[in-house]
Structure formats: structure tokens, C-alpha cells
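The residues making up each chain are set out below.
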Amino acid sequence: MKRQTLYAAAGILLAVSSQAKDVHSPDGRFAVRAEASISLVDAAGNQLLTLVRDTSGDAKVEVAWSPDSKHVVVVENGERVGSGIVAAWKDEVWHKTIEPESQEGALIQAQQAKFHGRLVSEHRKLNGWITPSEVAVQGDMTFSSGAKYRYGYTLAFRQVPGRLDRGGYEEGQLIGKDYHSL
Amino acid sequence: MERSIKIVFCLSALFLASCDDDDHTAQLLGGGPGSADANNIVAGDGFCGPQGGNQALGQPSFDSGVTTAKLDLDGNPLGQGQDPDWNPETTGTVNGQPVNSGTFAYVVMSRDQINASGVSIGDWATVTNTATGQSTFARVEDVGPPGGTGEISQAAASAVGIRQVVVQTRDGPSTVPVGDPNVNVQAFAGTASIQGDCPPTNS
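For the protein sequence lines, the chains are A and B, in the order given. Residue 1 is where the first sequence starts when you use the numbering used here, and the numbers rise one by one after that. Residue 1 is where the second sequence starts when you use the numbering used here, and the numbers rise one by one after that.
Excised from the complex, chain A in its bound form:
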């Protein structure tokens, strides 16, 4: 069986609430703290990064630490219509990055044409680590025609110079690949 099964338990689902909830890294040195915002904190609770400034509209937040505690992926699933994925990785310091939705643009356009309707909702979840820097993702899309599409892909970290966006994320370091239907 694939290694992703081995690591599947790394993803922890949180319901968003005003009460802080921590998901600790396997080595116990760091944690992702979900409350009104989502932060990366150290073992003492000191904030290292703000991963998501505003969780308004989020119903569920899934956090998955890589087995080596050097990568963490956070999936926000909205109450109604859409999801977003942010992540952090560590070399000497922690960096935060984001999966730009433009990566899914071609997939969305192709499915909208296929199903004769515009995308009205989309949700994603993590399906285990494939390697310490690659995580499997499953998603589903619903179109205005009522059609549904389930798909999967691999989200891979790449430690290359990225463009810093206005949200403070280093873009270009989280790449979706191997998109396929399920």
C-alpha cells in the first residue's frame, strides 16, 4: 500500500470556534492554533506566523503536519461554497505559502464546460502524506447544473524563491500536480 496510508492520521480536523485549538507537530516543538485567526506557534505558545488572518466563513479547518515536522498544510473549508489551502515550511525559519487558485483554473474551466454550468461550490480535504513534502488532496466540485465532480491531486512543496503577495505568502512554493478524476 502507498505511504500515504501510513501518514493519513496526520490530518486533524477542527471545527472553527472562538476557543483556541492547537494541533501539535509530531516532534512537539510547534503547533497550529486555530481560533479567529490561524497561527503557527512554538511550544511555549509564542506566535511565529499568522497563517490565516480571518477565518470568517470557515466551518472546518484541517491541519496536517508532515512526519518530519518541517511542513504543515491547512485546509479551510467554508460553510457553504469554497475552500482554501495555505501551508508553512521550515528551513532556518518558518515560511508561509499558499496554493494559488489559478492552479485549479484550467481544471475548473474544463469541468464547467463539461458539465454545462458554473462552479457553485467546492470543498477539499487532505488524504495523507505521500512523502515528507508531498500531500495528497481530494476535492469535490458542484456545478450550477447540479453535476458533481470528484478529483484528486498532489500538493508538493518546492523551496524556490517565491513572489511575496499582499497577504504575506511566498507564492510559487506550493504546487498542485497529477490532477485526476476519482
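Think of the hints as simulated: they come from the structure by calculation, not from any bench. Relax, there's no trap hidden among the hints.
To be clear about the criterion: a stretch of chain B counts as covered by chain A if any three or more of its residues have a C-beta under 8 Å from a C-beta of chain A, and this derived list gives those stretches:
1. 89-95
2. 102-116
3. 146-157
Backbone N, C-alpha and C define an ideal beta-carbon position, used for all residues, glycine too.
Since the structure of chain A is provided, determine the placement of chain B on it from the hints.
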């Protein structure tokens, strides 16, 4: 594929915006016209504009570019049955209630757009009809699916001169802009706390 679309209603929008061609600065209006009645858009106050106007907002942190306008009827109780994707809730709220699309000028952004731009729910935004130059202030009040830009409330659409029709589709009635108008949406991170400049009411 079923292509026939039957126009059921044509909604007349009140145009309050104007464009000053002399200085090439579009006049930004308040929340603009709108009502709780999706079939009778009339003037309303909405969010008005930010105190301090454009200068208080600074540079936009999100810019949709020129994109086709789409309508979000969410939060408008009378939107039920007029949009197959209608939802009574919006991500943002006003006094604990959903933000009424017919009354408040708001824009919709995807979760990724919000994160990447640093924008939060409640931040100020502007909507500009790129064909006419009409612009209105709005707030970011709903989260939409990925890939969407240009999704705006009925009140925002009306404020920039976009008329709306209810058409019959195979999924049921759907309220859409007339003529595939283009808009530009800009959002300004960190501006949610700026109060609106609505005049006091005589109540």
C-alpha cells in the same frame, strides 16, 4: 444543450452614479440603490461610503481586473426562487443578520483571493462598471468558490448602472445582469474598521 432562455422579468435599475469626464475621476457612490424586493430595486443607503472617502482606503490590495459581472442574491430574503444558488446566509453580517444583497452593496471573493490579498470580511471595496465608469463603494461580505471574480450584490450592480433580469434556466429562475457587463472590483485590506458616512436618520 438547452439554450433557450426565457426572460421572465426585467428589472429597472435606478442609475444614481455619474462620471466626471473632466477630471477622469469616477464619482464613488454609497451603497446605492436597492431594496429587499428583487423585482423592484429602489434607492437605499447600504453601507454608504467610508469616512474620509477614497483617501482613507489607500491602495487596493486586490484588483480583479476587468471581469464579467455576476450577481449574488444571498442574504436577500426575496432572492429565494430567483437564483438556483441562493442562500439566506452571507459570510459577513450586519447587526447579526445576513447582508441583504438588495440593500447593501457588497462583493464576493474566494477564500484564496481573501488570503492572498490580506483582505478580511468587512473590508471596503469598490465596484466600477468599466463601460460607463460608474463606481460604488461596497464591502467584502461573502466568500465564493475559486475562480470567481466580479460577483457582486444586487445593490452594487444597481449602483453602477447594471440592470438585472430574471431568466428561466433549466435549473429554475436565475437573476443575471443584462448584457454581460464588465466590472472591476478592488478591495482594500485592513479597512473594515472605517465607519460608513451614512447621514443620520430622522428616527
